[in-house]
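Enquirer: Protein sequences, first through last, are from chains A and B. With the first letter of the first sequence counted as 1, position 333 gets the number 333 in my numbering; the numbers rise by one all the way through. With the first letter of the second sequence counted as 1, position 95 gets the number 95 in my numbering; the numbers rise by one all the way through.
For the record, the hints were derived by calculation from the structure and aren't laboratory data. Possibly wrong hints are sitting among the right ones.
Straight-line C-alpha distance at most 25 Å; calculated DSS-like pairs for lysine-lysine [what the hints assert, rightly or not]: (1) B/LYS133 - A/LYS240; (2) B/LYS101 - B/LYS203; (3) A/LYS179 - B/LYS107; (4) B/LYS107 - B/LYS55; (5) B/LYS101 - B/LYS205; (6) B/LYS183 - B/LYS155; (7) B/LYS294 - B/LYS205; (8) B/LYS103 - B/LYS11; (9) B/LYS262 - A/LYS184; (10) B/LYS107 - B/LYS205; (11) A/LYS123 - B/LYS262; (12) B/LYS55 - B/LYS262.
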Amino acid sequence: MKKKLLATLLTAAMTASMLAGCGSSEAATTEGTDAATEETATDDAAADDAAATEEGEVAEGEAEPDAVTTVGDPNGTHMECWSFVEAHNTFYAQMVEKWNEANPDRTIEITFTTYPYADMHTKLLTSLTAGTGAPDICDVEMGQVPNVYEGLDTWLYPLDEAMAPYAADMLTSRLDAYKGADGKQYGAPFHVGATVMYWNMAALEEAGITQEEVDAVVTWDDYTALGEKYLDAIGRPEGKYFTSVDTAGVDWMWIAMASYGEDWTGGSNDATANVQLDSVKKMLTMQQGWLESGVAQVSPDGHVDLEAGFQNILDHNIVSFPKAMWYMSRFINYMPEEEGNWYITPCPTFEAGQTCSVGIGGTGTVVTGQSVDTALAADFLCYAKMSPEGNTMIWNDLGFDVCNTSLWSDDAFAHDTANQYNTFFRNYPYDVLNEIKDQIGTVMTVKISPTINEQFCNVTLNDVLENGVDVEEALQTAQDVIALEQ
Amino acid sequence: MKIKNFLYSQKAAPYVFVLPFILSFCFFWIYPLFSTITMSFQDIGPAITEWVGIKNYQKLLKDPTFLTAILNSAEYMLLTLVLLIPFPMLFAVLMDSRLVKAKGFWKACLYVPALTSVVISGTLFRLMFSEYKTGQMNVITAALGLGTFKWLKAKATGLAALVIVCCWRWTGVNMLYFISGLKSIDTALYESAEIDGASSWQKFKYITIPLIKPTTIYVLTISIYAGLAMFMESYMLWAGPDSPNNIGLTIVGYLYKRGITKNDLGYGSAIGIVLLVVALFINIIQLIFNGTFKKEER
Chain A
1 MKKKLLATLL TAAMTASMLA GCGSSEAATT EGTDAATEET ATDDAAADDA
51 AATEEGEVAE GEAEPDAVTT VGDPNGTHME CWSFVEAHNT FYAQMVEKWN
101 EANPDRTIEI TFTTYPYADM HTKLLTSLTA GTGAPDICDV EMGQVPNVYE
151 GLDTWLYPLD EAMAPYAADM LTSRLDAYKG ADGKQYGAPF HVGATVMYWN
201 MAALEEAGIT QEEVDAVVTW DDYTALGEKY LDAIGRPEGK YFTSVDTAGV
251 DWMWIAMASY GEDWTGGSND ATANVQLDSV KKMLTMQQGW LESGVAQVSP
301 DGHVDLEAGF QNILDHNIVS FPKAMWYMSR FINYMPEEEG NWYITPCPTF
351 EAGQTCSVGI GGTGTVVTGQ SVDTALAADF LCYAKMSPEG NTMIWNDLGF
401 DVCNTSLWSD DAFAHDTANQ YNTFFRNYPY DVLNEIKDQI GTVMTVKISP
451 TINEQFCNVT LNDVLENGVD VEEALQTAQD VIALEQ
Chain B
1 MKIKNFLYSQ KAAPYVFVLP FILSFCFFWI YPLFSTITMS FQDIGPAITE
51 WVGIKNYQKL LKDPTFLTAI LNSAEYMLLT LVLLIPFPML FAVLMDSRLV
101 KAKGFWKACL YVPALTSVVI SGTLFRLMFS EYKTGQMNVI TAALGLGTFK
151 WLKAKATGLA ALVIVCCWRW TGVNMLYFIS GLKSIDTALY ESAEIDGASS
201 WQKFKYITIP LIKPTTIYVL TISIYAGLAM FMESYMLWAG PDSPNNIGLT
251 IVGYLYKRGI TKNDLGYGSA IGIVLLVVAL FINIIQLIFN GTFKKEER
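So that you can see chain B by itself, here it is in the shape it has in the complex:
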């Protein structure tokens, strides 16, 4: 009887339902988070683990490679923001309009890359960006009369390759977010605007943009984090965490190199914490400016 009461209790039920999530969240997110913080103050050796205070962080501050990694990640993040918010939004509006035929086909085309494994697509892109004359990109540039490039050896072309892979992969996903945002806008608003004689541009500017702001903020937030935390794309393009003059080194790439390749998990953890702080800082600033923390105006 007691069990029955518990099972049918309206008070307990919600907790029971969210319990699996809370448990996995604590176990796989909260616990590792705190354990990473502790580890970042330690020197983790094979047999002995020592507390070393802020030594790992002091070393980070003096580490020029880490600076390179931060700058690379930041540049990459900014470029992806510039490309991965306006264009998916534009595609979403197009998909939502009457201008495009066979929408399902186009949506699928844009979304399929997100379903492919980065390992496979990364390898394919690495082969495409090969500096050898038969590399796909070199075939294209040579046909255009631009000659061939050592794509993955120079900073600009290397970054371009990374951004191309990223856009190829994430445009469809971001577009889907925007489409779902657009669907939630009441069509009556557009109709009344039309009656008032608003042009398409005005409708987009005064109705679409403000009303999909929550979606935009969401996409912006995850894009900032995804940009800073990028690893696989670079790892696959350069077939490992090493790239010429570290042009493809990202913060997580450096974390991997330190933590795994060199088995210095303490230092790796410190890098991870810095990444977390940077991403949190940027996102909090961004969210404040977007007014997310303001009380909802009614």
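Excised from the complex, chain A in its bound form:
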């Protein structure tokens, strides 16, 4: 009898503990929801689209979602949306409310889940391969685009129809980056990611260099000359440079390729990659020269988008560097002290009149074929990421250079002083963007891209810039390795 009582008690205790477990996890979810809703997108350092860089950083070991939140009309169509940046989900959530207001007959409710970068893409690819379990809408980081878009319309739902109302205003070169091999549009972009030149005008002025001189820089030769002038003016102290070159990032190479309209991937999945391009050779040779003459240093820890890079900028060790426009959010988030110091101009080119910018990084959000209502999901997605309403919110909350060009020259949008990005820099970022509107090139991200990036960031750039290896030789080695993978 005693045994029986004990067994019953134990069972009861176990059941109770299980229930308690459920209860607490439920509570945790609700807490997560609250936190997610309360948090405004701008607060979040992750708004910087951290993973938009080529390295595909940010990954954690746990498959646990960082935040789950459900937003919208409970009676509407229910959907799932995944992202690897919480600020993206916060943005979509706000757009759901707007969508429901504007479309009372087609309301939706979306459950947003934020996963760590690697986990989300792995989960997405696995569920797409398996044919079940994928969300309706999902963010796909540029580096993963070739993997996810490989499934074309068996995996994804083309957005061509849904984006028709906005397509004319969208920057074509950016849309092209998110097309599948069949020419259909599978991804909706957040930003252009146009490269521009950032100048520390405060430091340059101290050295007696005026804004007119900076504006006069058209070619890399002008740039080098101005660099020498700056260094002479400050007496070439140790640890001070004009710019820094990257060993762990390929942005400079992309800028060079865009100038000559070249693309080392060949432009598609089937093309043969060729890294022995004149543009790349010119850029690397020029950078080697800078390192020799002291105009440039190698970016501490490899590129400017890391903590050491931020510190280097804060210490005014470098006073100019080219980077995509989304780097603006790094200033806001990591270098707020620099407010009012920096000035943005188009990038120099090798010869006057060349394409001076290239779109770097990005998130191509997709609608999966497994969606409960593919057309509705696509309509919502295009509304959120391509409509003027959506793009205004992207600019204000996330600080990206939006792809809807109709807004670029809109004074209320581009010169809005309530937007912190408009007031942080010495000039209006969109004025620069308007200036280079027709000069934003594209380097495709295709299947071979990770291999090229890996070879450059691991070996080639280190060899050329750190170890002084001959450019031709280093590129030949790179080409041999990349050819093995094709």
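Dock chain B against the given chain A, drawing on the hints supplied.
Expert: Structure of chain B alone, referenced to chain A:
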């Protein structure tokens, strides 16, 4: 009545109790193991999965990067073995002796790193090993007059950084294993040795070392595997699976790169299987030499 009989049956009970473990073991270990073996012979595409025979393995043999990864992992494993067995053992003996005061405090100090997330500690170490002059390690070396280093760009310093992170993290865990091993040694043995006039060193050599051999073998076995399978530390130190000239690339790092970053799960599986075979091979040799498979002498 039947259910009651079953529940109280002494024969069935043990099976019922181990069933949850067996089920989860089969589901989360055995099934993935076999599925990895099958996948390593396949080319896994978005829509179609093809059998490609031993093509993945042939490619592995010719892959210089994989060789780099194996060598890196092997060097790392050997270094961790050299550092992570003698030192924790020494600390354990010290903790077990009367020489140390406030043992709980020291044990906690050594053990706390194991409780921290690798993601957080890895990021902190990455910042400490920054090549920038304000990086903690560079501040220290500069104060010592050694100048600053590009820690994570050169092979030797990069490996040193990895081993430092590893030692920081695992010394306490291994020490705990050794402490529990030491506790199981009968104190009467030490007392009788003392009566026979044995010195501390002799006691350590002739009593402690032989009697904690099972613990040592256990620690050695898991350290070999952990050394070969290291990934997170390197991933966090270099903020991704890429490092200059692949100095931080490990076997699992390469598996991640191939399987996840490049979405080639077939090739990734082949890498995983090679890792399993290498770890099994080394451990079986090691266990044979340690006499684990010999019948117990009575």
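Enquirer: Now tell me, hint by hint, if it's right for this structure.
Expert: Verification of the supplied hints:
1. B/LYS133 - A/LYS240: holds (13 Å)
2. B/LYS101 - B/LYS203: Holds, because 22 Å separates the two Cα atoms, which is no more than 25 Å.
3. A/LYS179 - B/LYS107: Distance of about 57 Å is beyond 25 Å: violated.
4. B/LYS107 - B/LYS55: At roughly 50 Å apart (the allowed maximum being 25 Å), B/LYS55 and B/LYS107 break the hint.
5. B/LYS101 - B/LYS205: Roughly 24 Å separates the two Cα atoms, so the pair holds.
6. B/LYS183 - B/LYS155: violated (41 Å)
7. B/LYS294 - B/LYS205: At roughly 23 Å apart (the allowed maximum being 25 Å), B/LYS205 and B/LYS294 satisfy the hint.
8. B/LYS103 - B/LYS11: Cα-Cα ~45 Å, so violated.
9. B/LYS262 - A/LYS184: holds (23 Å)
10. B/LYS107 - B/LYS205: Roughly 24 Å between the alpha carbons, so the hint for B/LYS107 and B/LYS205 holds.
11. A/LYS123 - B/LYS262: holds (14 Å)
12. B/LYS55 - B/LYS262: holds (17 Å)
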